[in-house]
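Just need the whole structure built from these sequences, with the hints factored in.
Oh and the sequence shown: position 176 is 176 in full-length UniProt numbering, straight run, nothing missing.
All clues stand as given, with none of them false.
Computed cross-link-like contacts, EDC-like style, restricted to lysine to aspartate or glutamate with a CA-CA straight-line distance of at most 20 Å:
{"id": "1", "residue 1": "K161", "residue 2": "E150"}
{"id": "2", "residue 1": "K82", "residue 2": "D157"}
{"id": "3", "residue 1": "K152", "residue 2": "D191"}
{"id": "4", "residue 1": "K152", "residue 2": "D193"}
{"id": "5", "residue 1": "K167", "residue 2": "D157"}
{"id": "6", "residue 1": "K82", "residue 2": "E102"}
{"id": "7", "residue 1": "K152", "residue 2": "E111"}
{"id": "8", "residue 1": "K82", "residue 2": "E156"}
{"id": "9", "residue 1": "K123", "residue 2": "D157"}
Keep in mind that the hints were calculated from the coordinates and are not lab data.
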Amino acid sequence: MPTSTGSGASARRCRMEDLTAEVQALRAQLLQQTEENSSLQTQLLQLSEENANLRGQLQATPVGAMGLSAPRGKCPVGLPEKFDGTPEMLPSFLAQSRLYMELRPEDFPTEHVRVCFLTSLLKGRAARWATPYLLESSPLLNNYEAFIDEFKQAFEDPQRKEAANRKIRRLRQGLGSVLDYASAFRLCAQDLDWNEPAFIDQFLEGLSDPIQDELARVEVARSLPALINQCLRIEGRLNSRRGASPTGSPRPQSAASPQTESESNQLIARPQLTPEERERRRRLNLCMYCGLAGHYVDNCPSKKPKSSGVGNSLAPL
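Set out below in structure tokens:
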């Protein structure tokens with residue numbers, strides 16, 4: 001009988017110890033939560049003070065001292081929509097957020113403010129991802145670009161860059177306009193981190209043969225926007241020449257230098273350049289007709305003299 005009583009007391013003592021341990025664990029969790037809440041309140045207070053100081057400085061600065069002729073008007077763009085972590089929406093969210101901050105630079109004077117503004121636009125899964133950085137006062141909160149890199153690694157579609165890379169390498173102008181080709185090219189390029197020379201080479205590779213032929217005769221622009229404008233001008237010149245050509249019967253050949261049948265067959269039988277050979281000649285500034293250096297296709301000595309009825313090639317733009 002005493003043994004049974006002792007066993008019951010021991011069990012109750014163990015149970016009390018377990019309950020005490022659970023209470024202590026709950027107290028520790030409560031203390032940790034209290035500390036986290038206090039940290040968040042401190043950060044919020046710091047941001048509020050910083051915002052108040054900035055507004056006070058802005059109000060105290062004369063308009064003339066800021067180099068402005070009138071008070072700042074309303075921002076022409078609205079707040080970006082909140083981002084919930086959907087990978088497909090990441091590029092547009094980042095672009096809209098950057099645009100908003102660039103149009104209101106006086107409201108985002110530090111990288112810390114920029115990062116905090118971005119985190120305020122997060123919701124759902126994206127907000128849960130950012131919470132530990134805020135609670136731990138991560139150094140990334142003071143480095144906007146580094147924070148964006150981490151953000152992209154978390155929510156960027158890993159296949160998006162590969163898909164854009166494959167698509168841009170297959171992209172060709174074909175029979176379409178330079179404008180349509182350039183629009184599709186830029187759409188793919190926004191998902192790639194190539195340097196500008198790589199974009200220029202890829203853009204040149206996809207251009208139609210007539211545009212490439214004209215570019216081989218002139219100095220190619222060294223930036224992608226300038227190259228697109230250059231191609232648009234070439235296309236406009238080509239189209240105007242086509243529109244000005246006669247639509248009736250072909251112009252008669254000059255009697256002084258008629259084209260013989262053998263010459264005609266020679267021109268027709270001449271093989272068309274492969275894209276690789278065309279690119280090689282363009283890079284080395286070689287003639288597109290004979291492949292030699294020192295001249296262009298319009299004055300190639302290897303070409304047979306043409307009759308006066310054949311139109312001249314375009315002048316360099």
